[in-house]
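Chain by chain, the residues:
Number of protein chains: 2
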Amino acid sequence: MPRNAFYAQSGGVTATINASAAAVIETARRFPRQIGKVLAGRNGILGALDEDLIDTSLEAPAAIRALRHTPGGAFGSCRYKLKDGDTGHGDFARLLEVFRAHDIGFFFYNGGNDSADTCLKVARLAEAQGYPLAAVHVPKTVDNDLPVTDNSPGFGSVAKYIATSMREAGLDVESMAKTSTRVFVLEVMGRHAGWITAAAGLAQSKAGEAPHLLLFPEIRFDEAAFLARVDDAVRRYGHCAIAVSEGLQGADGNFLSEAGLKDAFGHAQLGGVAPVIATLVRGRLAHKVHWAVADYLQRSARHIASRTDLDQSYAVGKAAVELAVTGHTAVMPAIVRVSSRPYRWKVGVAPLDKVANVERKLPRDFISPDGFHITPKCRRYLEPLIAGEAYPPYDRGLPDYVRLKNRSVRRRTPARAAH
Amino acid sequence: MPRNAFYAQSGGVTATINASAAAVIETARRFPRQIGKVLAGRNGILGALDEDLIDTSLEAPAAIRALRHTPGGAFGSCRYKLKDGDTGHGDFARLLEVFRAHDIGFFFYNGGNDSADTCLKVARLAEAQGYPLAAVHVPKTVDNDLPVTDNSPGFGSVAKYIATSMREAGLDVESMAKTSTRVFVLEVMGRHAGWITAAAGLAQSKAGEAPHLLLFPEIRFDEAAFLARVDDAVRRYGHCAIAVSEGLQGADGNFLSEAGLKDAFGHAQLGGVAPVIATLVRGRLAHKVHWAVADYLQRSARHIASRTDLDQSYAVGKAAVELAVTGHTAVMPAIVRVSSRPYRWKVGVAPLDKVANVERKLPRDFISPDGFHITPKCRRYLEPLIAGEAYPPYDRGLPDYVRLKNRSVRRRTPARAAH
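Protein chains in written order, with numbering that gives the first Met the number 0: chain A, 0 to 418; chain B, 0 to 418.
Please note that a few of the clues may not be correct.
Which copy is meant is left open, because identical chains are indistinguishable; a pair holds if it fits in one copy or across any two.
[Claimed, not checked] When the alpha-carbon atoms are kept at most 27 angstroms apart in a straight line, the in silico DSS-like pairs for lysine-lysine are as follows:
no.: 1; residue 1: Lys345; residue 2: Lys205
no.: 2; residue 1: Lys287; residue 2: Lys80
no.: 3; residue 1: Lys287; residue 2: Lys82
no.: 4; residue 1: Lys404; residue 2: Lys376
no.: 5; residue 1: Lys287; residue 2: Lys205
no.: 6; residue 1: Lys404; residue 2: Lys353
no.: 7; residue 1: Lys353; residue 2: Lys177
no.: 8; residue 1: Lys80; residue 2: Lys177
no.: 9; residue 1: Lys177; residue 2: Lys404
no.: 10; residue 1: Lys205; residue 2: Lys404
no.: 11; residue 1: Lys177; residue 2: Lys82
no.: 12; residue 1: Lys404; residue 2: Lys345
no.: 13; residue 1: Lys353; residue 2: Lys205
By construction, these hints were calculated from the structure, which means they are not laboratory data.
So that you can see chain A by itself, here it is in the shape it has in the complex (with noise of 0.2 angstroms):
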């Protein structure tokens, strides 16, 4: 007899999350004899716990194709991490009894490092309460902060959109900078692993181009070194472009964000380090500065996705079903690297317990000495990753994505009480 599936998204989405949940849904519906129904809790492991389960039978087979272009998280996510796993009980005994309500056989848990350990969380308290369960983590992360996978499933495309931004961007700013803009600041994602700044380092195909400068939460901010970098780039090139990651710290182990700033009426102002920096370079070096914040723009820009990464979004997402019906649980389907040039990628697959918790960051050695750019060696790594173009439909000049029904199934547990 087949069993029910359950899939849920995790943490903060990506352009391509919804492509790992199409592998999902598509792939289980090629194994009608071990899975029946996949269901898909509303806003991530909540629904589960609140049994709000989405019947995803009933969306159309073209419904589903389109989540592959589709940016944000279909079903909804959540940032809630999972209470009392080591006792069985709380939150994790309601996961046990919600799956059993439902004959769940299979979980598909989508997410980062917090996901992997719930993951490998719920698998443990099933075999220890011998209840049958493929427990299978599907990596997403534009941080691409996880380990043993050559790279986070998700990452690809908001390299490939700051890259590009970045490219973009400096070619304005070298334009105006005769008479006005003289140093543009990029703020983007990654507070505590440099990968997104670094991925803006791909713009510049030779010296002189945008970006100049690149702020990498690994490497503590050193303003007078900063200032000379910013200052030599104006007198070469006649201007200066910088990424910053969100996560930049300052000498004290600060993080430059939260360096005060106060509106008029004293409240604290919402984050922002390129403010700051543009702030400073203007106070220091009387440049003309721009400044943007990308924010959740980079993580959403299904229109300038990596092929690549949606490829392997949707690789992962399919393999984890594959794993899942031929009797592994307790893992995550990882992609492994087999060449550079050219990039040959399979799909292996990686035992959570070296997955969980573990947050993989920028090495030393893929930034240049100084601290402020990557090396060839970083190139190398990152330029596959971006490679290729995966458009989606437009209609009437806007990108066409697709909303699903989302109809929950009805309950068959007692409600409980708010969490």
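The hints should help you fit chain B onto chain A, whose structure is shown.
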């Protein structure tokens, strides 16, 4: 005997200004009996005053063709208003001195309101001095604030970028709203006119979708009404996405971006109305807020240019040359809308005295009565301008933008003092 042409880019650059440059150069090459070389000003009109003229005849046809897909200003632009236009001395006299020295018979000035005025003054001065010159303005501005023409080339591409980005980020915040970000703020350009803000409104295909609110520079900011609307959107739809013009003004007529943000050292913060709105929403409604500032990314985003805009940018450059060789001066090619659905347009001619220094704002009936969204009439106007895609070629994952040789012509006049 053919006479030479002078082409210059003025003011803020766009994703398609180089397409107009390509059109001027390619079309001029088709009139060898009237036009000799096209000389371009390095850094705009300053290139003429400094007699730093770029010889575009040294560029290969393929390089000129590649300008169609390259953002920024290929010859450099500037923000510089010529002095002493009415006296026949100063900058204007210098301009004609350089024109005489290089036998310039055609002047193509690619810019907005200011440059239309300059172009007109140059035409009048040349006529007054009996110097034969065809001075034609080529329209361009992301702000869409030029009169007479249906739209300003360059605007359609920003509009497409902003509407796409808003749709994408809207899907993102909608996915996260259950436990995390509920309100998203995107700051867009257009300090005096709300055309780009209005374009964000195109992202919404039905009620409940992003953007939920638009904050126009034409509508004074009403804090209480705004907060009530944000609260309402979050209650109804779970989230609220907002586009705000950099030129939003408070009830006192001051820019909100200059609302007195200070860093920890008391320095005035550099611009940014999005963080001001974000801080307000978090402070009053206690929702988690994210904000983005698109800045130069929006006007250089050639990777998602509008096909319509690209075609029109090329068409006005081509028409400018055709007008000049048929004896017109002190004119500007203008886009004439023949019909909206389907969109049909042609190129007409506008006398420059109808264009110079006239700023077209968003009509009140393009803004909904409550001041927070666009009307169907506005949508009917805007929609055709973002229609169609025009992707650049890619190389190793990134748009393959061209860089010209930009070799200077030998000087023929004594160097002038620095201005």
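Each hint, compared with the structure:
1. Lys345 x Lys205: neither (32 angstroms within a copy, 41 angstroms between copies)
2. Lys287 x Lys80: between (44 angstroms within a copy, 18 angstroms between copies)
3. Lys287 x Lys82: Between copies, since 22 angstroms is at most 27 angstroms while 50 angstroms is not.
4. Lys404 x Lys376: neither (46 angstroms within a copy, 30 angstroms between copies)
5. Lys287 x Lys205: within (24 angstroms within a copy, 41 angstroms between copies)
6. Lys404 x Lys353: Intra 37 angstroms, inter 53 angstroms, cutoff 27 angstroms: neither.
7. Lys353 x Lys177: Close neither inside one copy (53 angstroms) nor across copies (30 angstroms); limit 27 angstroms.
8. Lys80 x Lys177: Intra 52 angstroms, inter 14 angstroms, cutoff 27 angstroms: inter-copy only.
9. Lys177 x Lys404: This pair counts as between: shortest inter-copy Cα distance 18 angstroms, intra-copy 53 angstroms.
10. Lys205 x Lys404: between (49 angstroms within a copy, 15 angstroms between copies)
11. Lys177 x Lys82: Between copies, since 18 angstroms is at most 27 angstroms while 58 angstroms is not.
12. Lys404 x Lys345: neither (34 angstroms within a copy, 43 angstroms between copies)
13. Lys353 x Lys205: This pair counts as neither: shortest intra-copy Cα distance 39 angstroms, inter-copy 45 angstroms.
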